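Chemist: These protein sequence lines are chains R and Z, in that order. 1658 is the number that our numbering gives the last residue of the first sequence; the numbers go up by one with no jumps. 997 is the number that our numbering gives the last residue of the second sequence; the numbers go up by one with no jumps.
None of these hints come from the bench; they were simulated from the model. Where hints are given, some of them may not hold.
[Stated by the list, open to error] Each computed BS3-like pair below joins lysine-lysine, with the alpha-carbon atoms no more than 27 Å apart:
1) Z/K848 x R/K1392
2) R/K1560 x Z/K720
3) R/K1413 x R/K1392
4) R/K1509 x Z/K720
5) R/K1560 x R/K1573
In this text the structure is predicted, and so the values were computed from the model without any measurement.
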Amino acid sequence: MQSETAAKRKTRGFAYFQKGFRTHRFAYALIVPTLLFMLLVHFLPMAQGIIMSTLKLNQFTLARYLHAPFIGLDNYKSLLFDGSNPVRQGMGFAVRNTVIYTIVVTFLVLAWGLAVAMLMNRPFPGRGIARTAMLLPWVVPSYVVGVLWGFMWQQDGIINYLLVDVLHLMGEKPFWLIGHNTIWAIIIPTIWRGWPFLMIVFLAALQTIPEDIYEAARIDGAHKLRQFVHITLPLLKPVFAVQLLFQFINNVYSYNIVSTMFGNGAGYPGEWGDLLMTALTRQSFGYWAFGSGSAASFLLMVVMLVFVGIWYRMFRSELNAQ
Amino acid sequence: MTRRTSAKLASLSLTTLTWIIVIVTVFPIFWMVFASLHTNSEIMKGITSFSLPSPQWSNYRNMWDMINFAVYFRNSLVICGLTTVFAGAFAVMAGYALARFRFAGSRTISMSIISTQMIPGIMFLFPIYLMFLWIKQALGIPMIDTYWGMILVYTAFYTPISIWIMRSFFVSIPSDLEESAVIDGCTKFQAFYKIILPLSVPGMIATGIYIFLTAWDELLFAWVLTTSSDVQTIPVGIRLFVGQYNTRYDLLMAASTVVTLPVMAVFFLTQRYFISGMTAGAVKG
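The whole structure should be built from the sequences, with the hints applied where relevant.
Modeler: In structure tokens form, the structure reads like this:
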């Protein structure tokens, strides 16, 4: 009896699937190649990465690939508790810098992007030219951003010239690429390259807000600040939510600017210039520590998933309303 | 009267502020080109004048001769170009399917496509590096230092986000178009091929440029997966150049200018499609 209903359900399920397949045959034909490709190039390496994080992989066992000795969670344990693990060297600095870098860059590109978008959302002569000119930094390749700003930050470079000799903001010319100033030397170029895109996105979003709403608010006596807080911000929230996530992810995974700013190819950017990605690649490849490297990557992914989960809970209503 | 003048004054000062922001924003790019036209000793002393009596165009020739720039350019063009074609094709097909049809699993697929974006690239870097080594060893197919190895990796990376951008384009095209075409006797494929594809050309251009520019900017995987200059891309070339000539800022700025120019050209030529495409994807989410 029981097995009969189960069998019935099964055939019904199959018929349902068959019907679904027939009506959506075209959709499946379109999506299946991509799905297979994605499984091959995303799922396979990721599964392999997780397996690798449980293996003893170093220069001696590298040739044995996935047949390297299985050591369970030892890579994770040594990563978290063993000070002699090569991947741990300098990782404390890298984590601290990445936290500061991500928070400061993410906050400032969003705030500054919105501020300039508000400035640009009013007619003035040459607006099109201004918009295009502002977008230029965003088109500069990020590895060029590193080289260019590394040049401008030189002790006798243009930035110190402008700050000290022209504007007299500082008494003497500071070193930007050595010591704790380095964190600013990597944050500022990232903001420079990042905010134009946010500006253009917020500008497009601002232009979708109908003027009538502001008109009504003005008639009700709401001044500019109140209009901004009660109309503009709430309406921008969905756009803001999406951009916040993308900025956050991009900044945690930032690599190019730091790796080209501090010359000599694989050079060490210093205690205040190192980021997670630069540290992790340098240490893992430098010591052939692919087991610990994979374990660290997996831990990072888990941490990021937690953050994305928090983000989703925070903005769930805005995202679903779209 | 006074109210009108003060409003005018406020507007004028906001406009001035906007142009100051424009100048500060563009200044580093100007400085890159400006410095590239100086001799190295002038740069070492520190450039303090904005006049340029004798522009050193020879920096460009020297830079071009010193490293194999033409080869890096060719490699970047081949790798980024073919990546754009493949990732773009996947994006058009999958993006259309996800935008128009609610089939079993379509929601899950959409979610997993967007969630690939939060996986750190480094999560793939170690496995792909070892896998490429292993393929060479076990199957005899070289993967490291090959065009197809790089194209495979880049196509894998940029397919998900491209699907997402294309999907938002297809969503913005009203579905009545296909419905009436099907009523008129078209198959679903014909409706897609004859009606929707021509309409989505701007979207394809925007997506294509996005893929191309993102691939043009990729350094980490290119750095690890290529070792010979026959396949190394521009970012790798620049990083090697920085390592070798880290005090020759005249040449470095000339090189930086040369690799930025094509990107700017592409941007200016396609600005209309590109900005509308990027903001459409970003605003609609």
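Chemist: Does each hint hold? Answer for all of them.
Modeler: Tested hints:
{"no.": "1", "hint": "Z/K848 x R/K1392", "result": "holds, 22 Å"}
{"no.": "2", "hint": "R/K1560 x Z/K720", "result": "holds, 17 Å"}
{"no.": "3", "hint": "R/K1413 x R/K1392", "result": "holds, 13 Å"}
{"no.": "4", "hint": "R/K1509 x Z/K720", "result": "violated, 41 Å"}
{"no.": "5", "hint": "R/K1560 x R/K1573", "result": "holds, 18 Å"}
When the structure is compared with the earlier hints, a violation turns up for hint 4 alone.
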